[in-house]
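Each chain is listed here by its residues.
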Amino acid sequence: MIAELPVAELRRRLRNEGLSLDCGLIRVRVRGDVPGFAEALQRLYGAFPLECANVFHDVTVRLERKRRWRDRLRPYVQFVLDGDAPFDALPAAHHLPMFEWGINWCVASRCHRYLLLHAGTVARDGLGVLIPAVPGTGKSTLTAALTARGFRLLSDEFGVVRLRDHRLLPLVRPVSLKNESIAVFARFAPEAVIGPTFHGTRKGDVAHVAPTPQSVAARAEPAVPALIVFPQFRKGARLSVEPVDAGLAFVKVSGNAFNYELLGERAFEAVARLVQSCRCYRVCYGELEEAVAAVDELLARAVQPLAVGQ
Amino acid sequence: MEEVGTVPVRWRIVLPDRVRIVRLDDAVIVFNPLSWQTHFLNEAAWCVFDALRSGPMTVDALIGECVEGGDGMTSEDRNEWTRILNAHLAELAAMGLVMRDDAVAA
Numbered sequence: 001m002i003a004e005l006p007v008a009e010l011r012r013r014l015r016n017e018g019l020s021l022d023c024g025l026i027r028v029r030v031r032g033d034v035p036g037f038a039e040a041l042q043r044l045y046g047a048f049p050l051e052c053a054n055v056f057h058d059v060t061v062r063l064e065r066k067r068r069w070r071d072r073l074r075p076y077v078q079f080v081l082d083g084d085a086p087f088d089a090l091p092a093a094h095h096l097p098m099f100e101w102g103i104n105w106c107v108a109s110r111c112h113r114y115l116l117l118h119a120g121t122v123a124r125d126g127l128g129v130l131i132p133a134v135p136g137t138g139k140s141t142l143t144a145a146l147t148a149r150g151f152r153l154l155s156d157e158f159g160v161v162r163l164r165d166h167r168l169l170p171l172v173r174p175v176s177l178k179n180e181s182i183a184v185f186a187r188f189a190p191e192a193v194i195g196p197t198f199h200g201t202r203k204g205d206v207a208h209v210a211p212t213p214q215s216v217a218a219r220a221e222p223a224v225p226a227l228i229v230f231p232q233f234r235k236g237a238r239l240s241v242e243p244v245d246a247g248l249a250f251v252k253v254s255g256n257a258f259n260y261e262l263l264g265e266r267a268f269e270a271v272a273r274l275v276q277s278c279r280c281y282r283v284c285y286g287e288l289e290e291a292v293a294a295v296d297e298l299l300a301r302a303v304q305p306l307a308v309g310q
Numbered sequence: 001m002e003e004v005g006t007v008p009v010r011w012r013i014v015l016p017d018r019v020r021i022v023r024l025d026d027a028v029i030v031f032n033p034l035s036w037q038t039h040f041l042n043e044a045a046w047c048v049f050d051a052l053r054s055g056p057m058t059v060d061a062l063i064g065e066c067v068e069g070g071d072g073m074t075s076e077d078r079n080e081w082t083r084i085l086n087a088h089l090a091e092l093a094a095m096g097l098v099m100r101d102d103a104v105a106a
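Taken in order, these protein sequences are the chains called A and B.
If you count the first sequence from 1, position 277 lands on 277 in the working numbering, and the numbers rise without skipping.
If you count the second sequence from 1, position 19 lands on 19 in the working numbering, and the numbers rise without skipping.
Please keep in mind that the hints were generated in silico from the structure rather than gathered at the bench.
Treat the hints with caution; some may be incorrect.
Computed far set for chain A versus chain B, every beta-carbon distance over 10 angstroms [said to hold, decoys possible]:
1) Glu-9
2) Arg-31
3) Gly-46
4) Phe-56
5) Arg-67
6) Arg-74
7) His-118
8) Pro-196
9) Ser-254
10) Gln-276
11) Asp-296
One side only, chain A facing chain B, incomplete, derived with CB under 8 angstroms [what the hints assert, rightly or not]:
12) Pro-243
13) Gly-247
14) Phe-250
15) Gly-264
16) Val-275
Fair warning: this is a prediction, and the values are worked out from it, not measured in the lab.
Glycine included, each C-beta is placed from N, C-alpha and C at the ideal position.
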């Protein structure tokens, strides 16, 4: 496991052949020598196996240190993807958020063999829960909370739907939490492995939750979609759970996809199958524990999983 | 009734074999294979579209299919329903889902 690697060896690998991360859907090769990056990577990807570097990688990235005259030589980090730098550099201290955002961008712009939803995805007993949402609705916090209570993490950011059988595929990576939700989650799950907090990023303060070893071990196992939860966090709100009819769910899910228009008819069919095969609910919550219990119960009620090959 | 020469205009679905339709509870959602756009049809638009799935029709024929008691209505009611159905057909045509049948020959 990556956690067992001496940090000096991890730094050496990151400077040379790179570190291979098998996230399930994609395998990433990462290189970089930004101070602090190796330690953060080890904390958050510690449960991932040490992979041989001489295998195919879907994405090869490098985090390069940059110094710019106009910024009085403040150190910056540049995300380099297959030799290109698709983004502006960020302050070097934001190395890990930049790496995670960069990988998100790679997935959203390349993985068009799948329907990609902007959604958290977890599973229990092979049944998948999709949590599609716009930013600020508590998607990541709820995803992390469910994972901390025994659900398997498939992804914090992407609901990946395989088009041939409409199963949900894992893309196991750390869950990104922002601002107040960092402390909320730390109180909710003190045993969870949380990485360093990166202050003052373009999304505010950001910290990441490491995927559980159970989630990493099952990163090649798809899940059958059974439940769609549209979350809405409101501070102090009492829990409310309302069914969402399938037509509205279609609108919300299709509007939430990164590549619906690109995939055309296949996306139409996939979204239709998803909302037909899942129970769909709007869950408004103010307390994480209540929301987790509600999702737990809703999944137990969802008894109509999508049959393979139908 | 609108006519081309002496023949009443008929309407048809643009690609009847390739258009994709899914019914979800009360909603009807249609995928247009030409534009790759997805459309929601309300009950009235769906009634018109569904009737055209059996083949090209005039507005008079659509009234017979979609309006209860359409065969025995007064001319005033028929004119009103003709106006309503023409409006729905214009909307469906704007979505690229239906077209005037004479447009094929043109």
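Cross-check of the supplied hints:
Against the 10 angstroms criterion, A/Glu-9 stays outside the reach of chain B, whose nearest CB is about 50 angstroms from its own CB. For A/Arg-31, the shortest C-beta to C-beta distance to chain B comes to about 39 angstroms, beyond the 10 angstroms cut-off, and the non-interface label holds. Every Cβ of chain B is farther than 10 angstroms from the Cβ of A/Gly-46; the closest lies at roughly 43 angstroms, confirming the non-interface assignment. Here A/Phe-56 stays apart from chain B, with its beta-carbon at least about 32 angstroms from theirs, past the 10 angstroms limit.
For A/Arg-67, the requirement that its beta carbon stay farther than 10 angstroms from each beta carbon of chain B is met, with the minimum near 46 angstroms. At roughly 46 angstroms from the closest C-beta of chain B, the C-beta of A/Arg-74 stays outside 10 angstroms, upholding its exclusion from the interface. No beta-carbon of chain B is positioned within 10 angstroms of the beta-carbon of A/His-118; the least distance is around 18 angstroms. Every CB of chain B lies more than 10 angstroms from the CB of A/Pro-196, the least distance being 43 angstroms, so the non-interface label holds.
Listed as a non-interface residue, A/Ser-254 fails to keep its Cβ farther than 10 angstroms from every Cβ of chain B; the least gap is roughly 7 angstroms. A/Gln-276, annotated as away from the interface, has a beta carbon of chain B within 10 angstroms; the closest lies near 7 angstroms. Once the 10 angstroms rule is applied to beta carbons, A/Asp-296 is consistent with being away from chain B; the minimum gap is 26 angstroms. Hint on A/Pro-243 is violated. Least Cβ distance to chain B is approximately 10 angstroms, over the 8 angstroms limit.
With its C-beta approaching chain B no nearer than about 3 angstroms, A/Gly-247 sits inside the 8 angstroms limit, and its interface hint holds. Checking A/Phe-250 against chain B: minimum C-beta separation of about 6 angstroms stays under 8 angstroms; hint holds. With a cut of 8 angstroms, the hint placing A/Gly-264 at the interface with chain B holds, because the nearest CB-to-CB distance is about 4 angstroms. With a least beta-carbon distance of about 6 angstroms to chain B, the hint placing A/Val-275 at the interface is held under the 8 angstroms criterion.
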